[in-house]
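Asks: So the chains spell out like this:
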Amino acid sequence: MSTNALPVLAAANTAPMRPALLLSVLGLVLMLLFVVSLGVGRAPLELAATIAQWMRGDSTLATLILIELRLPRTLLAALVGVSLGLAGAALQGLLRNPLAEPGIIGVSACAALGAVIAFYGGLSAMAPLALPLAGIAGALLAVVLLYALAGRESSTLTLILAGVAINAFAGAATALVLNIAPNPFAVTEIVFWMMGSVADRSMNHIQIAAPLMIVGWALLGTSGRALDALTLGEDTAASLGVRLATLRLMLVLGTALAVGSGVAVTGAVGFVGLVAPHLLRPLVGYQPSRLLIASALAGGVLVLAADVAIRLVTIGPELKLGVVTALIGAPFFLVLVMRLRRETI
Amino acid sequence: MRITAESITVVVGTATLLDNVTVTAEPGQLLGLVGPNGAGKSTLLRVLTGLRDCARGQVLYDGRPRSELGSLRMAQQLAYLAQRGSVAWPLTVQRLVALGRMPHLRGWGTHDPAGATAIEAALTDTDLVRLRERIVDTLSGGELARALLARALAVNGSALLVDEPVAALDPYHQLQVMEILRTRADSGQAVIVVLHELTLAARFCDRLLLLDGGRAVGTGAPAGVLTDENLRTTYGVTALRGERDGAAYLVPWNCVNQAAGAIQRSA
Numbered sequence: 001m002s003t004n005a006l007p008v009l010a011a012a013n014t015a016p017m018r019p020a021l022l023l024s025v026l027g028l029v030l031m032l033l034f035v036v037s038l039g040v041g042r043a044p045l046e047l048a049a050t051i052a053q054w055m056r057g058d059s060t061l062a063t064l065i066l067i068e069l070r071l072p073r074t075l076l077a078a079l080v081g082v083s084l085g086l087a088g089a090a091l092q093g094l095l096r097n098p099l100a101e102p103g104i105i106g107v108s109a110c111a112a113l114g115a116v117i118a119f120y121g122g123l124s125a126m127a128p129l130a131l132p133l134a135g136i137a138g139a140l141l142a143v144v145l146l147y148a149l150a151g152r153e154s155s156t157l158t159l160i161l162a163g164v165a166i167n168a169f170a171g172a173a174t175a176l177v178l179n180i181a182p183n184p185f186a187v188t189e190i191v192f193w194m195m196g197s198v199a200d201r202s203m204n205h206i207q208i209a210a211p212l213m214i215v216g217w218a219l220l221g222t223s224g225r226a227l228d229a230l231t232l233g234e235d236t237a238a239s240l241g242v243r244l245a246t247l248r249l250m251l252v253l254g255t256a257l258a259v260g261s262g263v264a265v266t267g268a269v270g271f272v273g274l275v276a277p278h279l280l281r282p283l284v285g286y287q288p289s290r291l292l293i294a295s296a297l298a299g300g301v302l303v304l305a306a307d308v309a310i311r312l313v314t315i316g317p318e319l320k321l322g323v324v325t326a327l328i329g330a331p332f333f334l335v336l337v338m339r340l341r342r343e344t345i
Numbered sequence: 001m002r003i004t005a006e007s008i009t010v011v012v013g014t015a016t017l018l019d020n021v022t023v024t025a026e027p028g029q030l031l032g033l034v035g036p037n038g039a040g041k042s043t044l045l046r047v048l049t050g051l052r053d054c055a056r057g058q059v060l061y062d063g064r065p066r067s068e069l070g071s072l073r074m075a076q077q078l079a080y081l082a083q084r085g086s087v088a089w090p091l092t093v094q095r096l097v098a099l100g101r102m103p104h105l106r107g108w109g110t111h112d113p114a115g116a117t118a119i120e121a122a123l124t125d126t127d128l129v130r131l132r133e134r135i136v137d138t139l140s141g142g143e144l145a146r147a148l149l150a151r152a153l154a155v156n157g158s159a160l161l162v163d164e165p166v167a168a169l170d171p172y173h174q175l176q177v178m179e180i181l182r183t184r185a186d187s188g189q190a191v192i193v194v195l196h197e198l199t200l201a202a203r204f205c206d207r208l209l210l211l212d213g214g215r216a217v218g219t220g221a222p223a224g225v226l227t228d229e230n231l232r233t234t235y236g237v238t239a240l241r242g243e244r245d246g247a248a249y250l251v252p253w254n255c256v257n258q259a260a261g262a263i264q265r266s267a
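Chains as they are written, first to last, in the numbering used here: chain W, 1 to 345; chain C, 1 to 267.
Bear in mind the hints are in silico, worked out from the structure with no lab data behind them.
From a predicted model like this one, the values you see are computed outputs, not experimental measurements.
Here a beta-carbon is modelled for each residue, glycine too, at the ideal position from N, C-alpha and C.
Warning: the hint list may mix true and false statements.
[Unchecked claim] FRET-style restraints, in silico, Cβ to Cβ: (1) T222(W) with S140(C): 57 to 63 Å; (2) M31(W) with D127(C): 26 to 32 Å; (3) A167(C) with A168(W): 54 to 60 Å; (4) P44(W) with S86(C): 33 to 39 Å; (5) R73(C) with R342(W): 27 to 33 Å; (6) G188(C) with F169(W): 54 to 60 Å; (7) R106(C) with T188(W): 51 to 57 Å; (8) M31(W) with S140(C): 54 to 60 Å; (9) D170(C) with V337(W): 23 to 29 Å; (10) V191(W) with R73(C): 29 to 35 Å.
[Claimed, not checked] Stretch-level coverage of chain C by chain W, calculated; a stretch enters the list once three of its residues show a Cβ under 8 Å from a Cβ in chain W: (11) 76–90; (12) 207–214.
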């Protein structure tokens with residue numbers, strides 16, 4: 001793991017232990033939260049005892065809750081968090097802009113639109129794989145559109161405006177599809193797809209989404225060295241041997257696969273891809289290659305923590321995951337915008 | 001590495017950026033590309049680096065086209081410094097310079113035996129040893145320009161192509177950078193530099209290519225290229241000439257069409 005994370009600048013690495021330490025700490029926190037997430041919920045659960053029961057093959061109410069409800073929820077939170085953290089870090093490296101985030105720039109919303117069309121158009125009933133594939137198609141459309149609009153120069157203004165337009169379009173189209181569909185719960189469904197949630201998902205959801213997601217991770221995770229070179233601009237990166245066309249294709253496809261398949265089962269969970277890289281960047285010396293895996297782990301930690309927090313707040317109906325991540329993420333976004341504004345003036 | 005460009009023509013829309021330019025950069029020589037703004041110097045440098053395709057003509061590296069060498073060999077052999085380069089993330093100077101070693105790393109590996117020496121030499125040559133741990137955001141314009149040059153020096157291939165490396169520098173560091181380029185050429189690299197500073201170009205370069213409006217106006221030894229006639233027709237300036245330690249120097253002195261006005265102001 002650590003050799004993947006610090007490939008590029010070994011010669012310049014003044015603190016070679018630090019990346020390994022950082023990744024270990026993040027990995028440990030992720031595992032810890034994973035266990036906590038299995039234990040927390042409306043129904044009280046003796047975690048150790050229930051796992052023991054399950055290992056023995058006993059089928060009790062407790063094992064049912066653990067395996068059928070808590071485990072898929074926890075796995076999905078971790079998977080989606082890792083996807084968003086990784087995609088955020090990779091997109092920011094590609095566009096050389098810390099505000100590029102799957103939610104803000106409309107990738108998540110377009111993926112949700114794709115999933116909604118597949119779900120309510122009946123496609124996913126015919127073939128389960130249609131759901132993540134439609135999500136990926138939506139995400140792909142958004143990334144390609146965004147790159148065409150704001151890829152070449154890394155102007156924050158263009159990027160954000162493109163994101164606003166894509167988000168508005170995807171949101172409206174999603175609402176339209178849900179209204180047209182013979183669906184008495186359109187309003188709640190709109191909220192689910194816009195706000196995202198990992199509650200009440202089954203292992204089936206994970207089985208159809210995870211393989212595609214992992215292919216996306218591989219594409220994003222191997223782009224580190226090229227992203228480092230891209231720090232110096234496209235010409236210099238090309239002169240250092242980076243094949244720009246290949247890199248763009250890898251990152252666009254990787255983002256679409258990782259985010260699209262995730263959003264197809266959880267709805268759009270916002271701001272994770274913004275907060276995770278932003279928090280981790282100083283700890284990896286601002287180096288895009290080292291940020292990738294650290295940010296992926298941090299994304300998993302953030303989403304798991306947010307989902308645990310939702311279940312700990314017991315007043316009223318359960319909050320949507322995306323509500324919590326937005327409450328944490330939006331202020332971050334504002335601070336980043338203000339800082340960038342100050343720098344450009 | 002010998003870089004040969006034959007009949008290079010670059011067309012964008014209706015504009016001809018380069019028109020049938022032929023030039024050769026020899027190993028061990030410092031070749032200067034000079035010419036007024038918009039002459040096509042940077043375009044030619046990008047074509048020579050292999051970053052830009054041309055409508056007609058071809059570039060050969062030791063007699064072979066880029067496609068035959070492959071992008072990795074190209075990157076290892078040929079270092080390029082962009083004009084007005086910027087750094088997207090606040091890296092330390094040392095990390096920035098180390099990016100120059102990227103073509104020499106394989107796969108996931110970190111094995112690069114010559115890397116540490118090359119980085120050290122690049123930092124020393126550009127006077128940046130003291131600033132190695134500084135974040136690039138906190139550097140002055142000139143310091144950043146030197147750090148970016150150090151990045152290109154760290155590649156340590158057999159050709160070095162630099163676009164206006166002295167533009168933001170104080171006189172001391174202008175001379176220092178020219179001396180570095182001179183040293184690299186003397187050590188056997190083919191060095192190509194885009195310059196606006198005619199005094200430095202005339203003094204340090206072995207050969208010059210004078211471009212104007214995309215066409216080669218003159219090529220050869222500086223004395224034969226930077227003639228009064230060429231300076232007047234391309235730059236629209238006259239030069240003050242003299243001699244120091246047996247070497248001729250020139251300083252751009254007056255605008256041709258405003259010469260009368262300038263003299264009046266100084267009187």
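Asks: Indicate, hint by hint, whether the structure satisfies it.
Replies: Now for the hints, and whether the structure bears them out:
1. T222(W) with S140(C): 57 to 63 Å: Cβ of T222(W) to Cβ of S140(C): about 37 Å, so the range 57 to 63 Å is violated.
2. M31(W) with D127(C): 26 to 32 Å: For M31(W) and D127(C) the Cβ distance comes to about 48 Å; the hint is violated.
3. A167(C) with A168(W): 54 to 60 Å: Cβ of A167(C) to Cβ of A168(W): about 43 Å, so the range 54 to 60 Å is violated.
4. P44(W) with S86(C): 33 to 39 Å: 56 Å, violated
5. R73(C) with R342(W): 27 to 33 Å: 44 Å, violated
6. G188(C) with F169(W): 54 to 60 Å: Check passed, 58 Å falls within 54 to 60 Å.
7. R106(C) with T188(W): 51 to 57 Å: Roughly 54 Å apart at Cβ, these two residues keep to the hinted range, so it holds.
8. M31(W) with S140(C): 54 to 60 Å: Given about 46 Å between the Cβ atoms, the range is violated.
9. D170(C) with V337(W): 23 to 29 Å: Since D170(C) and V337(W) have Cβ atoms about 36 Å apart, the given range 23 to 29 Å is violated.
10. V191(W) with R73(C): 29 to 35 Å: 56 Å, violated
11. 76–90: holds (count 12)
12. 207–214: Since three or more residues must qualify, the claim that chain W covers the region 207–214 of chain C is violated, with 0 doing so at under 8 Å.
This entry does not satisfy hints 1, 2, 3, 4, 5, 8, 9, 10 and 12, going by the numbered hints stated previously.
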